[in-house]
Amino acid sequence: MGCKLTFVDDLLNRSFYKLGLIVGRQPGYFIIIPVLLTLLMITGYQRIYYEMDPEYLFSPVRGQGKLERSIVEEFFKVNYSHRFNIGRITRPGRFGRVIIVSKDNDTNMLRTEVWKELRQLDELVQNVTVTLPDGETFTYREECAKWEGQCFVNDILNLDKIIGEVERGELNLTFPIMFNPVTWEAHAFPVYFGGSKVVDDTIVWVPAVQLVWFVRTDNDVQKQRGAAWEDAFLDAVGVAEDTGRFKHISVSRFASRTLDHELEKNTRTVIPFFSSTFILMGIFSIVTCMMADWVRSKPWLGLLGNISAVMATASAFGCAIYLGISFIGINLAAPFLMIGIGIDDTFVMLAAWRRASPKLSVPERMAIMLSEAAVSITITSVTDMLSFFIGIFSPFPSVQIFCMYSGLAVCFTFVWHLTFFAGCVAISGYREKQNRHTITWAKVLPESRARKAEKSWLYRVFCSGGIDPADPDNPIDNKEHCIMAFFRTTMANLLNKGAVKALVIVIFILYLAGAGYGVTNLQEGLERRKLSKEDSYSVEFFDREDLYYREFPYRIQVVISGNYNYSDPAVQDEVETLTQRLENTSYISNSLYTESWLRTFVNYVSRNNDYLNVTIDEESDFIQNLKELWLFPANPFSLDVKFNQEGDKIIASRFLIQAINISGTNHEKEMVKVLRDIVAESPLNASVFHPYFIFFDQFELVKPTSIQNLCYGALMMMITSFIFIPNVLCSLWVAFSIVSIEIGVVGYMALWDINLDSISMINLIMCIGFSVDFTAHICYAYMASKAKSPDVRVSECLYSLGLPIVQGSFSTILGVVALLLADSYIFSVFFKMVFMVIFFGAMHGLFLLPVLLSLFGPGSCTKIQEDIKTSKVDKNFPHPYCIPHPQLVLNDQIFNGKTLNPNGVYKIYGDDKDLGIGTSGEDTSESSSNQSQRRQIGDDESNRKKYEDGWKRSSYCQSTSQFQPSGELDLYSHEIDRNWQRQRYEDNRRIFDNYRKVPRSRDDEWVTTRKSSDTGPRRDSTHRVMRAHSQHNLHRPRAPRRTNSHQNLEHLDYVAEMRFP
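Residue numbers (the numbering used here): 1 to 1061.
Each hint should be verified, as a subset may be incorrect.
Stated by the list, open to error - BS3-like, lysine-lysine: derived pairs with alpha carbons at most 30 Å apart: (1) Lys197 / Lys642; (2) Lys443 / Lys433; (3) Lys146 / Lys649; (4) Lys455 / Lys359; (5) Lys703 / Lys265; (6) Lys669 / Lys77; (7) Lys455 / Lys66; (8) Lys642 / Lys673.
Rather than coming from a laboratory, the hints here were simulated on the basis of the structure.
Make the full structure from the sequences, and use the hints.
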């Protein structure tokens, strides 16, 4: 085992043993108290606070965009009521926005009938009446954002006065700006027209037009009224579009609250699947925990395992709400995960219960159950909790909140299973002890006695079960599970073949190659459209925006703060240099689209100084002339200069630049990085800002944060696995598996259309804990094996863990499959990534790790040779006179010079602990006798060979039998057989006494004295324990009684194993 730092293991075993005794003696308290605590905790739901602000949830807490916004708002706070300008906003505010395309065959929007319907749409929006809860009503005109007392309007609609001339070709629209010859307004066409076709600066075709309406949000009351107006706007435009009010245009809508609504809808879509998931998992756990034995079958415990997980999750959520943690819709994915985790712990505990001897009392059996399951359920729960608690330190609030709720849920699930579910197991144990039916609770006969009593086949199939107290080890009542045998023989033999090992390694290499390709194509960032449902009205809006409005997407503000003398030519040169460097990047358009008060003012004075007759060389003259000539109230530049309180110095200034041809999240991330680098290199104290930069910050942080979390998580998982499973090689193999699984998840999630964003980051953090579950136990089972041959080690670890891994994988995937049906990107990402980590983890545990451990693990470099080649029959039956039937057994105790272990005869040979996550499912459980057939005696190989050599040197006729039955073996009721048996006993005893004089190992000296089991005179005889099967059986502690030949022949296994001389 390597390092024997088993103090944690020992502490857990002792603590859980004591807990099991207490639960077994007083199960009622452990059921009632968790139920009462659950009822108490769920009262916290009355204090629930839903957090649905996308900016808060999906942007970094201390992102650079928020710092830049604080700088802008410090000097240039937006005034929606009097001085509103759309290009200079710092927050989205409250608005309604539409993108209109042609509905008929003519896609050109420059038509008279289209402009008439655009006017109708504008009137519809402005005349929408909003009714508040207190009965107050208002329209857009009363709450609109205003510039110098005038409502913000879409001036592009004034083209209706000249659209006829444009349609007939009598008037051209010049790109990008044109003065309306009728109203003398300046129309900035890139703001309103999308996807325009321009020939020689003339617009010839426009496929899309956008309109926008803003309302006031200067205080909380205005924000609430604005939110009500947005809801009315969305409803009115939606009804008009759905009812076909417009014949020539198709309208897609969007508002600032659209993403809030979509997050709320995502929450509602998954709620109906709670009941179906619980029913599905209930059926799965019931079926998995059932078996043909109607006493040891525990379907209700499988269902109670689900109930325990649901109670624990509800309690954890209530506790988190009492702690003041906001609730978000993503949290609703946690109950699906907790059900999967809970049913896994259920399988482990029930498997440990079955491994405990049914002869023990219920408290003792409970103590052994919890003691053996301690490491399994604790390591999985601790690793899951640690992985979630790592996410608490994420910079994204959505990740923090989800990890806090999920971490508490895992903790509560662990505690509830040790209390509530353990109490249920204890009550079921008392029922089983009385041999009562699992459903009707009526006392029934075991199958062996039902056959003797000649009960009907209906009784044997639907009623019989349990064990016979007079014959608890009867093989009829203790049957091995066929799937476990499949993993031990067929599966292990297949993996031990060289060609199969090569194939597994080749598939693993291809798996890594595919993952590497996916990593190189990984996209970053959470697109807004993915927060909406697939059938949402906003999806069409986002599609049109991406199609038509990516040429001029963002109006970016550049803010220079500090006490600078702008009359100084050096300062003017620095500002101009910064402006030109920004304009010269591939992400920013030329100077035609730049709004710079300093550039335009200086040029204006220099061009018109002949008649202006002013000077701007001194700071005082510069500021005075700037205020008089340039910063008059009607000029938007008046919003770009901030003076001190005295008004004689400029403490901040701003100019605007236009982003161009930005498409995709990676392009947006690169643009923000380049612009920030440019302003950082400037000697001026400058910063760039756009309201969407706050969301773009996640593009910068999500990748390094994910890598950091993965590295910390993998390190903590390796340390944790070493603490619970103190083997250095095991920890290294666990670390290798974690890295391999995480690389696979990251790579293949890119190929499965999943971006690296805050949602997928949650799953990557969660997957760190899930990737440990299967691999750690497979490694431990292989390392803990006493076998010398790697092939035997592979067989043993697959026998112990093959079926539990399959059942655990299915239970977890079934638990989250409903998320795929929710028709939401957020929840579909949860399903896809949990599916990948569970599938990859199961494949690593079942195929890759056994192969790699057999090639590079302990014993891989040692070739074991047998001195004597024996036939397949001789390997199973060491001597012709050996009759290895399970009822030919030793006395009830095996003496080896030490105090006997009260837990059974097998404890003499070493710990019989849970080597992994246990054999989940009641139908996989066996009694202690059948379990003993697959446990290995830890004797020395050389001493065993020495003994076999001495055994085989004996003559054929003089060999001693492996077992010396002290009772009568009257197979056919012939006296000659009895006389022959006695003669054989006397002859072979002399040979056996001679063999005792030869020095032997301690294993060969385990003997006991046994009394005859028949009613004849007692006689003492010496018996020894050796391997009679390839599974190294230790036979049952009951003396044979063979006085009925007919009964013996009815034992088919007995007849099949007999060999005659």
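Now for the hints, and whether the structure bears them out:
1. Lys197 / Lys642: 40 Å, violated
2. Lys443 / Lys433: 10 Å, holds
3. Lys146 / Lys649: 29 Å, holds
4. Lys455 / Lys359: Distance ~25 Å between Lys455 and Lys359 Cα, so the pair holds.
5. Lys703 / Lys265: Holds. Lys703 to Lys265 sits at ~28 Å (cutoff 30 Å).
6. Lys669 / Lys77: 26 Å, holds
7. Lys455 / Lys66: 79 Å, violated
8. Lys642 / Lys673: This hinted pair holds, its Cα atoms lying about 27 Å apart.
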